[in-house]
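Asks: Chain residues, written in single-letter form:
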Amino acid sequence: MDVIIENLPLYWEGFLRTLFLSVVSGVIALVLGTLLAAARVSPVAALRGFSTAYVEILRNTPLTIAFFFAAIVLPRLGVQFAQFEVAAIIALSTYTAAFIAEAVRSGVNSVPVGQAEAARSIGMNFGQVLNLIILPQALRTVIPPLINILIALVKNSSVAGAFFVLELFGYGRQLANANGDQVITVLLGTAFFYLLLTVPLGILASTVERKVAIAR
Amino acid sequence: MSSVLYDVPGPKARRISLIGSVVGGLAILGLLAWIIFTLGQQGIFEGRRWQIFTRADVWRLLGNGLGATLSAAALAAVIAFPLGLLLCLLRISDVKLIRVPTRVVLEFLRGMPVVLMMLFILLGFGTSQFIAVVAGLVVYNAAVFAEIIRAGIQSLPKGQREAGLAIGLTSFKSRMLIELPQAVRRMMPSLVAQLVVLLKDTSLGYIVAYGELLRAVQLMADVLGPAFLFPVFFVAAGMYIAINIAISRLAVWIERRGSKKAAGGTAKADPAVAEAGAP
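These protein sequence lines are chains A and B, in that order.
Count along the first sequence from 1, add 260, and you get the number used in the working numbering.
Count along the second sequence from 1, add 1472, and you get the number used in the working numbering.
Bear in mind the hints are in silico, worked out from the structure with no lab data behind them.
For clarity, every value in this text was computed on a predicted model and none was experimentally measured.
C-beta: ideal position from N, C-alpha, C; glycine also.
Accuracy of the hints is not assured; some may be wrong.
[As the list claims (entries may be wrong)] Derived BS3-like pairs: lysine-lysine, alpha-carbon spacing no greater than 30 Å straight-line:
(1) B/Lys1568 to B/Lys1732
(2) B/Lys1740 to A/Lys471
(3) B/Lys1645 to B/Lys1568
(4) B/Lys1630 to B/Lys1484
(5) B/Lys1484 to B/Lys1568
(6) B/Lys1645 to B/Lys1484
(7) B/Lys1630 to B/Lys1645
(8) A/Lys471 to B/Lys1645
(9) A/Lys471 to B/Lys1630
[As the list claims (entries may be wrong)] Part of the chain B face toward chain A, derived, beta carbon under 8 Å:
(10) Gly1497
(11) Gln1523
(12) Phe1525
(13) Phe1553
(14) Leu1555
(15) Leu1557
(16) Leu1676
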């Protein structure tokens, strides 16, 4: 226990950086993912094709590969980052965006056809149908899956710890190596901080699922 | 669905859409061309960088990496599935003293990054890297399998269990003989989709220094020189993506084919359920 209390400032710093990575990547991924989902249902074939290819490739790429690309391959290709956080955010947000696009798209598909038909029959155009009628309903049905994706994002941010970003996992690994005799305590401490984020989000997801989602 | 969102295009809309397609396509092509040009300026397309793929030892190293990746994934999947079934049975047990602790354990396991578990097993128990990777994957994916199967059982029509109990089966026998087989069939797309997640997660072995595909890439770049990092990485990433897309397609195929043996048919693979804990 002592080792955790002694290193509490480090844990806290790591926790904040994990939170930072998750929030920034989460926001970027939500925007990018929604745009991709809109492109996927748009009338423009080129956009549909691009969105489909993006989602298909990124969804089937291991996150570690995405990180390896952003943090190790990109700098070799002449793209220099001032901080490795930028590489981590690029990898996390582009990867997560594919899953968000897929979730939002299945949400769009879950809105009854009559809604879109009614909207069109009163003269709305594609943009209006999507923005005023479909997306507000679709987003509501996809809130629980979206929260699950964000939970995954928090956990996924741990991969950044292996690519030069000192967040929760990075500090945990450092402390575990420094305190060889108390590895289990150190790592349980790290796990505790992750659960501090993921468990409330999980409870939120199931509460929302029960209450809001059905009320369409 | 997409066709309902907008009118059947008339001549004008078709023209706009065509122009949009051409412009959008050109923009995407332009982006690709810019990327290729930039890569070209770095000398990525020099023949000598790709000539390494004519060497047998490069392929042997890549093959070894791929073999390590696939064997870890296969072993983990084979162990995780029965363990997931068991955890699922405990999770829905009629006995509260079994159900509640199982739930806590499952939530704990699902809320943890897989890589942290691997490190925990590696350092905490002093195992080999292979065992750490497999055990980390097993523990995590068993928890996810348990949740998927539980969702399957809950989505079965109530009459299935009632009928089982009515003909005199015990609660346990009804679960084993009536509900589980149907739930597994029903959730097959999600279960197969989870295999993609599992396979992707083996790449976390890179972080705990297990000699899988990505580690092989790193190794080759270190030995052959940084100039070869991109070609080798490109090929290895291609391998990963190709295998994963194949498994994803399998999941979609199973979903389309459906199953008549599960009450309520086959459930769609929920991208979010499968993703609920993936790197």
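Asks: Can you list which hints this structure breaks, lowest number first?
Replies: 1, 4, 5, 6, 8, 11, 12, 13, 14, 15
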